[in-house]
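Peer 1: Sequence:
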Amino acid sequence: MSLMSLLLSLHVIAAITWIGGIFLIDLFLAPVLRRHLTDPAARLSIIHALFRGFFAWVWLAGAALLSSGYWAVFRFGGFAALSPAMWVMVAGGSFMVLLALYVFFFPFLALHRAVRAADWPGAAKAAGQIRWLSSVNLVLAVPVVLAGVRAFHG
Numbered sequence: 001m002s003l004m005s006l007l008l009s010l011h012v013i014a015a016i017t018w019i020g021g022i023f024l025i026d027l028f029l030a031p032v033l034r035r036h037l038t039d040p041a042a043r044l045s046i047i048h049a050l051f052r053g054f055f056a057w058v059w060l061a062g063a064a065l066l067s068s069g070y071w072a073v074f075r076f077g078g079f080a081a082l083s084p085a086m087w088v089m090v091a092g093g094s095f096m097v098l099l100a101l102y103v104f105f106f107p108f109l110a111l112h113r114a115v116r117a118a119d120w121p122g123a124a125k126a127a128g129q130i131r132w133l134s135s136v137n138l139v140l141a142v143p144v145v146l147a148g149v150r151a152f153h154g
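Heads up, the sequence shown is in this note's numbering, so the first residue is 1 and it goes up one at a time.
It is possible that some hints are incorrect.
[As the list claims (entries may be wrong)] For each label pair, taking beta carbons as the anchor points, the in silico distance ranges come out as:
#1 L138 x L3: 48 to 54 Å
#2 W120 x A81: 50 to 56 Å
#3 H36 x L140: 26 to 32 Å
#4 H36 x L3: 45 to 51 Å
#5 M1 x A118: 38 to 44 Å
#6 F55 x S2: 45 to 51 Å
#7 S5 x H36: 40 to 46 Å
Quick caveat, the hints were computed from the structure, so don't treat them as lab data.
Cβ atoms here follow ideal geometry from the backbone N, Cα and C, with glycine treated the same way.
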């Protein structure tokens, strides 16, 4: 396997891990928890624990995506050599990583503090912000993934 194939494989696995995790939590786990756990303390504690574990993988996935993605940019000849589809992938993916960093450092850390203080209204507000911003990242993932397919198989 060539270095390029290895890095592209790592890139795809990291994207699946990150976006698949958001998809699972936002579209399946969070709604089920809201329907079946009426106690805010229990529900928000579980959501907090889910996101704590998930963010450990997001850090790894984000580092893998950025390093393999920007390595590919320079392997293809730098930014001036990128096709429009590659630009969509690089710009969109970079924005998605920045959005994930924002989610971690602001609403997630607010959720963390609120759960530790048993401030359930504050925890619910932070969890809602995480869910909304994660949904934005899910929407952004569609054109980024489609651009990646176009860039490499168009």
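Peer 1: Evaluate each hint against the coordinates.
Peer 2: Status of each hint after checking the structure:
1. L138 x L3: 48 to 54 Å: violated (31 Å)
2. W120 x A81: 50 to 56 Å: Between W120 and A81, where Cβ atoms are some 52 Å apart, the hint holds.
3. H36 x L140: 26 to 32 Å: Roughly 30 Å apart at Cβ, these two residues keep to the hinted range, so it holds.
4. H36 x L3: 45 to 51 Å: For H36 and L3 the Cβ distance comes to about 47 Å; the hint holds.
5. M1 x A118: 38 to 44 Å: Given about 51 Å between the Cβ atoms, the range is violated.
6. F55 x S2: 45 to 51 Å: With Cβ atoms ~32 Å apart, the hint is violated.
7. S5 x H36: 40 to 46 Å: holds (44 Å)
Of the hints listed earlier, those the structure fails to meet are numbers 1, 5 and 6, in rising order.
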